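> Since the structure of chain A is already known, use the hints to place chain B on it.
Listed below are the residues making up each chain.
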Amino acid sequence: MSTGYQIVVLGSVVPDPLQTLEPAQTPQGPGLKNELMLPHVLDPWAAHALYEAANLAARTPGSKVTLVSLGPKAKLQQVMMAVGQKVPFELVALDGPAGGFTDPHEVAARLAETVKALPGLDRSRLLLFGGWESASRGAGVTLQLVGERLEIADQFQGVDRLTPGEGGSFEVLERVEGGKHQVSRCAGAPAVLGWATGELGEPKNNPQIGMANMRGVMPALQKAAPAPVGTGGVEFLSVAVPRAQRETRIVKDMSPDDVARELVEWIGQD
Amino acid sequence: MATPALKAHPDTLRTLPGDDVRQLMWRFAERYDLQMLVQSTRGVARGPVARLVAEGGRNEHEWTARKNELLAHYDASGITAAFMEPEEGGFIAGPKNLALALAAFELAWVDAGAATGALAGFLGLSPIHERGTPEQARHYMSLAAPARPGEDRRPWRAAFALTEPIPYVGVDTGMLSGKVSVAEWKDGEEPVLRVEKRGRFITNMGFANFVTAAVDTADPRIKSSCLVILEETDPGTFDRGTPTKKLVHQLSSTSDPIFSLRVPASRIVGGYTVKDGVIVPNFDHSEVIEAVFRRTRVTVGVMTSAKLLSAIEPVIRYQRGRFRGAEQAAPGSVRYELGIQQREDALHRLVEVWAAGEAGASLGFATARLFDELDPLEKKKDAALAAQGVSGMKATLKWLKALEQKGLELLELEAHPRGEKQEARIAELRADELVRFALLDAQANVLCPATKLWNTGVGASVMREAVSLMGGYGITEDCPGFLGQKWMDAQLEATYEGPEAVQRRQLSVTMANPLFLAQMKAWVRELRHVSGAHAGTGACALASAMELWLWTYRHLERSTDADGARLVQSPRQGVTFKLADALGWLMAARSQILDAVVLAEDGAPVLGEAHAGTARFFADLCHVQAARAAGEVGRICAELVHGYNRHPSWDAEGRAACWSASDAEALEGIIPGLAGCSADEIAEGGLPDKEGPCASCQGISDFRTLRVKIDGCLTGAMLAKDRAAEALSKVMIPEALDYPQ
Chain A
56 MSTGYQIVVL
66 GSVVPDPLQT
76 LEPAQTPQGP
86 GLKNELMLPH
96 VLDPWAAHAL
106 YEAANLAART
116 PGSKVTLVSL
126 GPKAKLQQVM
136 MAVGQKVPFE
146 LVALDGPAGG
156 FTDPHEVAAR
166 LAETVKALPG
176 LDRSRLLLFG
186 GWESASRGAG
196 VTLQLVGERL
206 EIADQFQGVD
216 RLTPGEGGSF
226 EVLERVEGGK
236 HQVSRCAGAP
246 AVLGWATGEL
256 GEPKNNPQIG
266 MANMRGVMPA
276 LQKAAPAPVG
286 TGGVEFLSVA
296 VPRAQRETRI
306 VKDMSPDDVA
316 RELVEWIGQD
Chain B
32 MATPALKAHP
42 DTLRTLPGDD
52 VRQLMWRFAE
62 RYDLQMLVQS
72 TRGVARGPVA
82 RLVAEGGRNE
92 HEWTARKNEL
102 LAHYDASGIT
112 AAFMEPEEGG
122 FIAGPKNLAL
132 ALAAFELAWV
142 DAGAATGALA
152 GFLGLSPIHE
162 RGTPEQARHY
172 MSLAAPARPG
182 EDRRPWRAAF
192 ALTEPIPYVG
202 VDTGMLSGKV
212 SVAEWKDGEE
222 PVLRVEKRGR
232 FITNMGFANF
242 VTAAVDTADP
252 RIKSSCLVIL
262 EETDPGTFDR
272 GTPTKKLVHQ
282 LSSTSDPIFS
292 LRVPASRIVG
302 GYTVKDGVIV
312 PNFDHSEVIE
322 AVFRRTRVTV
332 GVMTSAKLLS
342 AIEPVIRYQR
352 GRFRGAEQAA
362 PGSVRYELGI
372 QQREDALHRL
382 VEVWAAGEAG
392 ASLGFATARL
402 FDELDPLEKK
412 KDAALAAQGV
422 SGMKATLKWL
432 KALEQKGLEL
442 LELEAHPRGE
452 KQEARIAELR
462 ADELVRFALL
472 DAQANVLCPA
482 TKLWNTGVGA
492 SVMREAVSLM
502 GGYGITEDCP
512 GFLGQKWMDA
522 QLEATYEGPE
532 AVQRRQLSVT
542 MANPLFLAQM
552 KAWVRELRHV
562 SGAHAGTGAC
572 ALASAMELWL
582 WTYRHLERST
592 DADGARLVQS
602 PRQGVTFKLA
612 DALGWLMAAR
622 SQILDAVVLA
632 EDGAPVLGEA
642 HAGTARFFAD
652 LCHVQAARAA
662 GEVGRICAEL
672 VHGYNRHPSW
682 DAEGRAACWS
692 ASDAEALEGI
702 IPGLAGCSAD
712 EIAEGGLPDK
722 EGPCASCQGI
732 SDFRTLRVKI
742 DGCLTGAMLA
752 KDRAAEALSK
762 VMIPEALDYP
772 Q
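Taken in order, these protein sequences are the chains called A and B. Read in order, the letters of the first sequence are residues 56 to 325 in my numbering. Read in order, the letters of the second sequence are residues 32 to 772 in my numbering.
Next up, chain A with everything else stripped away, as it sits in the complex (with noise of 0.2 Å):
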């Protein structure tokens, strides 16, 4: 009998947030301007969480990781060159948009069906990771609807420390208010966990790992099966980013603790 997890990681491509973000109206929907020309990457909070699932297969023998991702797939192929070298995993990819306007319950449809036709897939040793939020759309509910579409009662969100305890047991950490984390003791898997920053910096990149990924990431992409995920019917009649508010004001002859109280009220205020 086979142990360890078997890690299935949910995240997508979003545009690379130094690239200027503006809203348009587009013949698909509403998008991004010029949203395919501009370069991408793995959605942040995706990407945290597959290089937690990375280093808790590596502590945990017997581990596979998989990443489901649906987008675009001349993005998705960009964007694995990069992540492709950062930790081992096996690509399932799926062809449609990823922008911040699709509808989660479609998307969550496609993810979910596609998480369960994976070959050998074993519920009993299934975590479900992904973002508990994400760079394209804050709302962070799509990871959420697949784990209830594959009935999956166990769902931790803001997770930032995983520890396997006994007998297939773990301990996870959530972030709850005031900057502090709860902790809870799951008795095993099945379970969604969807990460918040979690506690592993980048791994740099690292071509022997690349060229053993791509031996499935390219056919994965070949294969991409078409996911045309729409709106869900939901009109938007005008969308807009968050402006930037910057409030300068030049201060003289103030004290380090006056400065330092007046930020502390400052903080205070929300």
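Don't read these hints as lab results, they were simulated from the structure. Owing to the predicted nature of the structure, the values given are computational and were not obtained by experimental measurement. C-beta atoms are modelled at their ideal positions from N, C-alpha and C, and glycine is treated no differently. Keep in mind that a hint or two might mislead.
[What the hints assert, rightly or not] Just a few of them, taken from the derived set where beta-carbon distance is under 8 Å, the chain A residues facing chain B:
(1) Q74
(2) L91
(3) M136
(4) K141
(5) L176
(6) S179
(7) Q263
(8) M266
(9) M269
(10) M273
(11) P274
(12) A275
(13) Q277
[To be verified] Facing chain A, according to a computed beta carbon distance under 8 Å, are these residues of chain B, among others:
(14) D42
(15) T46
(16) D51
(17) Y63
(18) D64
(19) S108
(20) F122
(21) A249
(22) A593
(23) R597
(24) L598
(25) V599
(26) A767
[As the list claims (entries may be wrong)] Straight line, CA to CA, 20 Å or less: simulated EDC-like cross-link-like pairs of lysine to aspartate or glutamate:
(27) B:K306 <-> B:E215
(28) B:K254 <-> B:D287
(29) B:K761 <-> A:E77
(30) A:K128 <-> A:D150
(31) B:K411 <-> B:E459
(32) A:K88 <-> B:E766
(33) A:K128 <-> B:E61
(34) A:K88 <-> B:D106
(35) A:K141 <-> A:D158
(36) A:K259 <-> B:D106
(37) A:K259 <-> A:E145
(38) A:K128 <-> B:D633
For chain B alone, kept in the frame of chain A given last:
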């Protein structure tokens, strides 16, 4: 020149070109190993390298601990292993010229010194890789490979010691002061050599564990010069020397080492044989160097082009934001939104920088790909020579001459309408790998020095223009994109691994190869064909410029100057070097056009609705560059064709050699432009001030026709520049540069 039709393309560049565009243009869309190398190298360049530059790491000549940390980053990211075969610890199988060019491009995008430092190890290993014995290659390549997981060892670093202190400094292979002699040679044992070598400007010397050093024989028991491998633990002196006080490339370690060592004769690169009591190295040092520099010079050329292209984004950002914050530039006003980009000149000059950068990159990567194709063919050629028992320089040259004839036959057959019989022969010749070798070899012998010469020489001048577009900011350490440092660095790139004069000299020889000249004729046809399918790329103008260059070369080849001295001969560098300069412009612009054509033909599936505008923009850049190239070639050729005729004295005899204005006008129909050269004003005293061109036009009517044709081919070039300039004022750029400043 069907440029008016281009008005039908209102779409233009939307964002700065991304990896998908570059992979297509530079032909590595199908190579995920190279795509990963690019990403990996970029992570190092825009991470630790950029941080070190931003923190002032370039302000010291010494090889500091912070600089030394970069080596670990190069190892971890696969840059060090990019040169190795998979069985040696690398991850890229097959020839690696394009791989190294891409790595150099990514590093030089931020700092060319880092690129030099990262790649200099390859330069040190190259003699062993190219000409070493199998044992030497296996031993040193595996030592230089980064440690595998679980391995506890530090990779060995290599340096290449050729250049020596003045008067021997340089790559003139005929001058070497470093010496090798026999220190000890016991009967039946391997000889021990004494090596005395002083180096100058040797990269990687701050940390190299071994050095491949060029030395001449100082002993009748050693037949020729050679390269020897020196290790830091060899008995004797392995003095790393004083750090060179470079003003540039401070992220590479450079010093002037001194070696006085005893080494076994097995360290001679490529091995040796003993004949009549004399050690005969299998390769003399110039043979090894030729094989090494032939490839590594391409990456240097690519570095300068990377810097030009890296300047585009920071300059656009600077231009647009130039007036923001001023009372007179209210948000929403044209001045606020466009800044200096309101002005045509600022945009036009930036277009020229971008076009030159594109041309250089295209030429460099085309040459790197060419070497990737050539490398295995060269091995097959060597195998064929060995199988046929051909050895010695004379026999080899004779064998190559026969191959050259086959290549010429193929080109001739391809150039003319043909029947079934000829088609069969064409197919036979095309299938012959040795013929293919001969054709590619002739190209490579020109494209390599052309890349080094044009990319770095012209690139340095254009980089100055990029710096000037940033105003005073450009020459400060705070300049985004480190443009000032990049400008200074470009001068070193034009110098090391063979300065411009060396490249011109090599070109002056290789461009005379009949196989190259015949291929250039074929390229004229190729460009005419391209201009039919892709009007507005400047292909037509470039084809005309190539024709002019070919005509000029042929003309000068059989011409003499006013004193009867032959014009095309080795000492006449005023002729041959200028032709070499002109050739660089042509080769770069051709590569650029071919890359733009690939983007236009294959880019739609990748770029979608942005394809038309992106392809249009790159075609416009080609047109701008082709016009500039044609202008340079026309100027250079005109100087050479006319400049060696003696200006006549304005006396009766001299006047007899010129036309009268009426004669010139009558000849205008035959030689367009002739009448424009004449004036028939009568000066005080009755002597005409000027009547017709002073130079004799005998035999050069074709030249005038070709020259005038080029002028006409410039049609639409400024419209292309206008379009490209407008695109630069609208293109979307990121919010900030993706590396520190």
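> Holds or violated: is the Cβ of A249 of chain B closer than 8 Å to a Cβ in chain A?
violated, 44 Å
> Are the Cα positions of K128 of chain A and D150 of chain A separated by 20 Å at most?
holds, 5 Å
> Check the hint pairing K141 of chain A with D158 of chain A against an upper bound of 20 Å on the C-alpha distance.
Violated, because 30 Å separates the two Cα atoms, which is more than 20 Å.
> Tell me if the interface restraint on Q74 of chain A is satisfied: Cβ within less than 8 Å of some Cβ in chain B.
With a minimum Cβ separation of about 5 Å from chain B (threshold 8 Å), the hint on Q74 of chain A holds.
> Less than 8 Å between beta-carbons is the criterion; does A275 of chain A satisfy it with respect to chain B?
violated, 12 Å
> Given M273 of chain A was flagged as interface, is its beta-carbon under 8 Å from a beta-carbon of chain B?
holds, 6 Å
> Per the CB criterion, is A767 of chain B less than 8 Å away from chain A?
Since chain A brings a Cβ to about 6 Å from A767 of chain B, closer than 8 Å, the hint holds.
> Just to be careful: measuring from the Cβ of T46 of chain B to every Cβ in chain A, is the smallest value less than 8 Å?
holds, 4 Å
> Is it true that the CA of K761 of chain B sits at most 20 Å from the CA of E77 of chain A?
holds, 14 Å
> With chain A as the partner, please determine if D42 of chain B meets the hint condition of a C-beta pair closer than 8 Å.
Where the cut-off is 8 Å and the nearest Cβ of chain A is about 12 Å from D42 of chain B, the hint is violated.
> For the pair supplied as a hint, K88 of chain A and D106 of chain B, confirm whether the alpha-carbon distance does not exceed 20 Å.
violated, 39 Å
> May I ask you to test the interface hint for D51 of chain B with respect to chain A, counting a Cβ-Cβ separation under 8 Å as satisfied?
holds, 6 Å
Consistency with the previously given hints fails for numbers 4, 5, 6, 11, 12, 13, 14, 21, 22, 23, 24, 25, 28, 34 and 35, ordered from lowest to highest.
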